[in-house]
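Chains as they are written, first to last, in the numbering used here: chain C, 41 to 377; chain Y, 662 to 968; chain B, 5 to 549.
No lab work stands behind these hints, which were simulated from the structure alone.
Note that the structure is predicted; figures quoted are calculated from it, not measured.
Just so you know, even glycine gets a beta-carbon here, dropped at the ideal spot from N, CA and C.
One or more of the hints may lead you astray.
Claimed, not checked - If you want a taste of the chain C side facing chain B, the calculated C-beta under 7 Å gives, among others:
| # | residue |
| --- | --- |
| 1 | Ala-148 |
| 2 | Ile-214 |
| 3 | Val-320 |
| 4 | Pro-324 |
| 5 | Pro-338 |
| 6 | Arg-341 |
| 7 | Pro-344 |
Claimed, not checked - Derived SDA-like pairs (lysine to any residue); straight-line CA-CA distance at most 20 Å:
| # | chain 1 | residue 1 | chain 2 | residue 2 |
| --- | --- | --- | --- | --- |
| 8 | B | Lys-319 | B | Ala-469 |
| 9 | C | Lys-147 | B | Phe-338 |
| 10 | C | Lys-142 | B | Asp-419 |
| 11 | B | Lys-376 | B | Lys-360 |
| 12 | B | Lys-441 | C | Lys-142 |
| 13 | B | Lys-285 | C | Arg-341 |
| 14 | C | Lys-323 | B | Thr-398 |
| 15 | B | Lys-500 | B | Arg-529 |
| 16 | Y | Lys-720 | B | Asn-136 |
| 17 | C | Lys-142 | B | Asp-206 |
| 18 | B | Lys-244 | B | Val-215 |
| 19 | C | Lys-147 | B | Gly-384 |
| 20 | C | Lys-142 | B | Gln-332 |
| 21 | B | Lys-282 | Y | Leu-813 |
| 22 | C | Lys-147 | C | Leu-348 |
| 23 | C | Lys-142 | B | Ala-421 |
| 24 | B | Lys-314 | B | Gly-384 |
| 25 | B | Lys-285 | Y | Glu-818 |
| 26 | B | Lys-340 | C | Lys-142 |
| 27 | B | Lys-159 | Y | Asp-705 |
| 28 | B | Lys-441 | Y | Asn-689 |
| 29 | B | Lys-121 | B | Asp-206 |
| 30 | B | Lys-159 | Y | Asn-689 |
Residue strings, one per chain:
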Amino acid sequence: MPEPLPEEPHVSGGQRAPEGGAIAATGQDGTMDLATTEGETLEKGLGNADAGGPADKARSLWSDAWRDLRRNPVFIISALVILFLVVISLWPSLIASGNPLKCDLSKAQEGSQPGHPFGFDGQGCDVYTRTVYGARISISVGVCATLGVAILGSVLGGLAGFFGGISDSFLSRITDVFFAIPVVLGGLVLLSVVTSNSVWPVIGFMVLLGWPQISRIARGSVITAKQNDYVQAARALGASNSRMLLRHITPNAVAPVIVVATIALGTYIALEATLSYLGVGLKPPSVSWGIDISAASPYIRNAPHALLWPSGALAITVLAFIMLGDAVRDALDPKLR
Amino acid sequence: MGRYVIRRLLQMIPVFVGATLLIFLMVNVMGDPIAGLCGDRECDPATAAQLRREFGLDKPVWQQYLTYMGNVFTGDFGTAFNGQEVTELMASAFPVTIRLTIVAILFEIVIGITLGVVTGLRRGRPVDTGVLLTTLVVISVPTFVTGLLLQLLLGVEWGWISPSVSSDAPFDELIVPGLVLASVSLAYVTRLTRTSIAENARGDYVRTAVAKGLPRHRVIRKHLLRNSLIPVVTFIGTDIGALMGGAIVTERIFNIHGVGYQLYQGILRQNTQTVVGFVTVLVLVFLLANLLVDLLYAVLDPRIRYA
Amino acid sequence: MRGATHARWAAGAVAVALTATGCGGGDGGGSGGGDSGAVLSSSWGDPQNPLEPANTNEVQGGKVLSMIFRGLKQYDPKTGEAEDMLAEKIETTDSQNFTITVKDGWTFSNGEKVTAKSFVDAWNYGASLKNNQKNAYFFEYIQGYDKTHPDDGSKQTADTLSGLKVVDDRTFTVALTQKFSTFPDTLGYNAYAPLPQSFFTDHDAWLSKPVGNGPYAVDSYTKGSQLSVRKWDGYPGGDKAQNGGVDLKVYTDNNTAYTDLMAGNLDLVDDVPAAQLKNVKADLGNRYINTPAGIIQTLSFPFYDQAWNKPGSEKVREGLSRAIDREQITDTIFQKTRTPATDWTSPVLGEEGGYKEGLCGDACEYDADAAKKLIKEGGGLPGGQVKITYNADTGSHKQWVDAVCNSINNALDNDQACVGNPVGTFADYRNQITQRKMSGPFRAGWQMDYPLIQNFLQPLYYTNASSNDGKWSNADFDKLVDEANAEEDTAKAVEKFQQAEEVVRDNMAAIPLWYQNGSAGYSERLSNVSLNPFSVPVYDQIKVS
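All chains, full assembly: derive it from the sequences and hints.
This is how it looks when you write it as C-alpha cells:
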C-alpha cells in the first residue's frame, strides 16, 4: 500500500492509531480546539479571501454547501426531475391509467396510436404504461445499490487510506478479493441460486461486488488529500483523527466518490438490464426498465420504439443524478466557492 | 521500493487464496454440473456417479478445493467436460482477450483522458455539455444494446467492419468490440479526469507555473495532468481485471473466442474447472495490475513514497 | 466484349442445368453453379462432450458425426425413412435376435476396412460403463448390458456385451433382452456408428482429429472455434459430397451468426433467431428454408408434487392447455416457424409412422370460457398462480413463455395467473428437474433420435424413463407401450402406440404446444440447401458456386 514517507516521526501510522478512540468524543460534542480553527482559517484563506472571520458552527461546510445549492439552477432542475421520478415511482397510476401486465399479442410491435403514445412491445404490452411503472424498480435498484456501494466503499476505502499501515493492508486485500471477481460472472453465479423475486438480492449482489470500486477511489483520494498542506498543518497542530477526516479530508476527497457514484447509479440500472438479458435478473411479473430493455433488444430492427422509451427514461434518470452529483460536488468544494 | 514490492507480492497470497476459494464456493453453490451433460435427459445413474468420481465431485467441497489448488500449483488446471485441458483453453483464449483489453484500455486512455482534459478546462462550455450528454447516452444504454446496434450499423448496413471477429482475432478486427467494451469505462474516465482537472486547475502549483510564464501546454502536461491522473489511473488499473473478465457480453455479441466466452460457456455448463481456472488467472492479473497502479502513484505524485 | 460475356454466361447456365439434372462433368469441374471443390462455411455450436459417437447427445456434435460417419441405416433426408446404408441385410425371425450383414467395399477414410468387428467393438465401447459414454442407454436392450453397465452402482463385471457376436468379417448377430420389432430402424442413430481401430489404440489422437467413414473427413479441428471437414474423394457411398467441404464455425449467439450471414461472412445458418424471423424475407428473399422437423415443444408438470397430481388436476392441466392461443403465438412470436400441435408426436413421422393430426381434440383448442370452467372444476390453480420454468441461456424461450403466460392471463382475466420463471443456465435447469424441485409447469422440448412414434412416447412418458422429467406414471400407458414394442407388424405397433398416446391425452400428462420447424438461411453462393427431419442441413447435397 502506498504510504507517505513520514515527514515527522510523530505522525507515523503506529503512533496515530491509539488516538482514534479518544477523538470520536471531541467530534461529537462539537467543541473546537485552537488547532482546528487555525487549520480552517488557513484553508479558507487559501481558497477564498472573502470568507474571512472565525468559522461558527451554523456555517459549517455542509450548510455552506446547501446555501450554494439552493441558488444553483442545475441543482434545482435535476432535483425537480428526481422528485418527479420519485413521485411516479411511488404512485405510477397518477400519470398512467393502464395495467402494465395487460398485454395483447395481436398488437405486438405496433407503433404509436391514440391512447398508446409509445406503441407496443414484442408481447403487445403498452410501452408507455410499462415505462412509467418500470421507474419504481429501476430507480430503487439504482439508488439503493449506489447508496450501499457508496457508503460501504467510501467508509472502508477512506479508513484504509487515512490510517494506512496494517489496517490499510488488511482492508485493501479484502477489497481485492471482492474486486477480483468479474461482476457479470458473479451475477450469473450468485443470482442463479436466488429464487426470490424481490429487488433485494439484486441490490445486495450489486453492493457486494460493487463496493470495491468506490473503495479504491476513496482510498486514493484520501491518500492524496492527506498530503495537502492544510491537512499536514492541521495534523501538525494536533488536530484529532476524526476531526481531520470529517473537516479536512472528507470534503476534499469526496468529489471523485460522488462523480463515480452518480455514474455508477446509471450503470447499476443498466446492469440490471444486463442481468435480465442473461436471465438471472429480476423476473416477471416485475416491471422494470432493465427487463424491458433486454426484452426489446432482439427486436431492435423491427420495433426500436420499444427499446427507445425505457432507454430514454433511463438516460434522463442518469442525467438527473449526474447533474445533481456535479452540483453537490461543486458546492462541497471549498476551493470553488 | 524493493521491500515494498516484495511485501505486496507476499500479500497477494492470502488474496489469491481468498478469491479462488470464494469463486470455488460460488460455482459449487450452483449445484451438480453432471445434470446438464446429458441433454434433455436424465443421465443414467451409473454414468453420472462415475463422472462425479472422475471429476472428484463426490468429495466434500473443502477437499475438492485443496486438491484443486494442489494441482494448480503444479500447473494442472484440470480438464473441461469436453475433454479439453483447461490450460489449452487458456492458451487460446487469453491472447485474444489481452488484445481486446489493450484496445479497450487504449480507447480509455486516448479518448477518455483527452475528453476529460478538454471538458475539465472548459467547464460549462458547450463542448462540456456535449461530452456530458454523449457520456450519458453511453452509460445509460447497456453494453449489449450498444454492441448489437454498432454491429448492425457498421457490420451490416454500412459494411465497414465484419460483424464477427475471426478466430485469429487480429487487432484491426477488435477495434469496434474494444470500443464497445470500453464504452462505459470510457465515460467514467472522462468524468473522473474532468473533475480532477477542474479541481487541480485552481491549485497553487498551477498558478505558480502559469505565473512563471510556462507555456500553456507544458503546464497542462507537466503539472496539471500529472497530478490529476491519480484517480484515473486507479480506475484504469482496477478496470483491467474487470475488462478481461467482464467481456462476457461483448465477446458473445461479436463471437470472440476469448476469456469471456470461455467463462460464459463454463458457467452455462457449470464447468467448475474452467471457471475457477480462468478466474484464478484473472485474479492474478488483477493483483499485478493493482500493484502497478500503486507504484504509478509514486511516479505521478512525488510526495508519495514507498517504504 | 459484350457478346463474349453473354456467351460465357450462357455456358454457365448450361453447366448449372447439367449439374442440377445430375449430368455434371464429375469432380473438379470448377465452372457454373456446382463447384464441387468449393468450401462453404456454416454456423456451429461448441459440442458439449468429446466427439465420440456414443457420447454425443446434442445437435451440434451430431451435426459433425452425421458428416463423417455412416451407419448401418441412414434416414432419408426428405422422408425420414430408415434405409439400408452399410447394412446389406438385417434379418430376424422373432424380433429379438437379429443377424446383420455389412456391405462389402466400405472403408474408413484412413483406408481401414469397415467390418462386423468395427461395429461390435464400437457398440461394446459405448455400452461399457468405464468409458463414460452418455448414450450408453442406446444399448440397454442388448443382452449383457446389465453386466457392462450395472445401473445399481455395483461393479462392472464385463467389458463386452454378451448379446453381440462376430460371425465372420461381414456378419454379426445381436441378441436383445426383449422383443423390439423396430430395432433395425433405430440403427441410423449416431451412437451405432462403426469405429476404426485407431479409436481404441490411440484415443487422444483420434479425438483431436476424428476418423470416420462418411462423405467428409476431418481436416482440422480447433476446439472451441472451428472444425473443417473436406470432401473425402474415396467415399464409396452413393451420397458423395457435392461440395469441397464445410468449415463449421463456432458461434455463441445465433444472432451473431445471422448477422454474419447478412454481411456475407458466412454461408449457412441453421438456427435463425426468433426475433429475426420477421426480417428473413427482406434480408434473404428466397434463400430461406422452413421445413418441419422432428421436434415438439411441450409443457411438463411435476407429478411428484401433490398439488399437480390429485384427482381433478388433469382438468386444471387441460384448462391451461385451452387457455393458450397457440395459433397467435406461433404466428406472432415464431412467424409460422412453429405449427400448433394437435398431438404428442411430429408431422415428420407421417400418417403411417404414427402422426395423427387432431388426436388432442378440443383439449388443444383455444377457448377462454372452457379454460376458466375447467380450471374451476379442477379446484383452481395450485397456489393461485402457475410459474412456467425455463432456461434462459439457449433458444428464444423467454419470448414464448411470456406470450403463453399473457395468453393464460388474458383467458383467465387475471394478470397474476401465470408468470415465467427463468433459470440462468441449462445445467441448473436440468439440476432442478432431476432433483424434483419444480413447483409448476416447465418447458420440455423433445427432438427425436430416430423417426419412430416409439421415440416420442416411451422416453418421455413411460414410468421412470430417462426423459420422463415430470415423473408421470400410468400403468395403462406402460402396458400399451410394452405391447406395441412386442408387435411384429408395424401398422399394428403404431396403432398400439396411438392408443398409448390417447392415455397421455386423457390425463394431459404434458401440454403439447407446437411442432418446431427447422429453419435455415444461406448465402447467394449456395444452392440445393435442405434440412433433414432432425433439422440438420443436408451438407453433402449443398452446391457451392
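Hint check results:
1. The beta carbon of C:Ala-148 is positioned within 7 Å of a beta carbon in chain B (closest approach about 5 Å), and the interface hint is therefore held.
2. For C:Ile-214, the interface hint is violated, since its Cβ never comes within 7 Å of a Cβ in chain B; the closest pair sits about 27 Å apart.
3. A hinted interface residue such as C:Val-320 counts as satisfied when its beta carbon comes closer than 7 Å to some beta carbon of chain B; here the least separation is about 4 Å, so the hint holds.
4. For C:Pro-324, the suggested interface contact is upheld, since its CB lies about 5 Å from the closest CB of chain B, less than 7 Å.
5. Contact between C:Pro-338 and chain B, as hinted, is supported at the beta carbon level, the nearest pair being about 3 Å apart and thus within 7 Å.
6. At about 6 Å, the closest approach between the beta carbon of C:Arg-341 and any beta carbon in chain B falls short of 7 Å, and the interface hint on this residue holds.
7. Hint status for C:Pro-344 relative to chain B: violated, with the closest Cβ pair at about 12 Å, above 7 Å.
8. Between the alpha carbons of B:Lys-319 and B:Ala-469 the distance comes to roughly 25 Å, so the proposed pair goes past 20 Å and is violated.
9. For a cut-off of 20 Å, the pair hint linking C:Lys-147 to B:Phe-338 stands: about 15 Å separates their Cα positions.
10. The straight-line distance between the Cα atoms of C:Lys-142 and B:Asp-419 is roughly 7 Å, inside the 20 Å bound, and the hint therefore holds.
11. A distance of roughly 28 Å separates the Cα atoms of B:Lys-376 and B:Lys-360; the hinted pair therefore is violated under the 20 Å criterion.
12. At roughly 30 Å between alpha-carbon atoms, B:Lys-441 and C:Lys-142 are farther apart than 20 Å, so this suggested pair is violated.
13. For the hint linking B:Lys-285 to C:Arg-341, the alpha-carbon distance of about 14 Å falls within 20 Å, and the restraint holds.
14. Restraint check for C:Lys-323 and B:Thr-398: satisfied, since their Cα atoms lie roughly 17 Å apart, inside the 20 Å limit.
15. Restraint check for B:Lys-500 and B:Arg-529: not satisfied, since their Cα atoms lie roughly 47 Å apart, outside the 20 Å limit.
16. Taking the CA atoms of Y:Lys-720 and B:Asn-136, the gap is about 19 Å. The hint holds against a cut of 20 Å.
17. Between C:Lys-142 and B:Asp-206 the alpha-carbon distance is near 61 Å, which puts this suggested pair outside the 20 Å criterion.
18. Between B:Lys-244 and B:Val-215 the CA atoms are separated by roughly 17 Å; this keeps the pair inside 20 Å, and the hint holds.
19. Of the pairs offered as hints, the one joining C:Lys-147 and B:Gly-384 is violated, with about 29 Å between alpha carbons and a cut-off of 20 Å exceeded.
20. As the CA atoms of C:Lys-142 and B:Gln-332 are separated by approximately 16 Å, the hinted pair is consistent with the 20 Å bound.
21. A distance of roughly 16 Å separates the Cα atoms of B:Lys-282 and Y:Leu-813; the hinted pair therefore holds under the 20 Å criterion.
22. Using a Cα cut-off of 20 Å, the hinted pair C:Lys-147 and C:Leu-348 holds, with the two alpha carbons roughly 18 Å apart.
23. Note on C:Lys-142 and B:Ala-421: the hinted pairing holds, with a Cα-Cα distance of about 12 Å set against a maximum of 20 Å.
24. For the given pair, B:Lys-314 sits about 12 Å from B:Gly-384 by alpha-carbon distance, which is consistent with the 20 Å threshold.
25. A hinted pair counts as satisfied when its Cα atoms are at most 20 Å apart, and B:Lys-285 with Y:Glu-818 qualifies at roughly 16 Å.
26. A threshold of 20 Å between alpha carbons decides the hint, and for B:Lys-340 with C:Lys-142 the separation of about 24 Å lies outside it, so the pair is violated.
27. Restraint check for B:Lys-159 and Y:Asp-705: satisfied, since their Cα atoms lie roughly 15 Å apart, inside the 20 Å limit.
28. The straight-line distance between the Cα atoms of B:Lys-441 and Y:Asn-689 is roughly 18 Å, inside the 20 Å bound, and the hint therefore holds.
29. Proximity of B:Lys-121 to B:Asp-206 is assessed by CA-CA distance (about 18 Å); at most 20 Å being required, the pair is judged to hold.
30. A hinted pair counts as satisfied when its Cα atoms are at most 20 Å apart, and B:Lys-159 with Y:Asn-689 does not qualify at roughly 28 Å.
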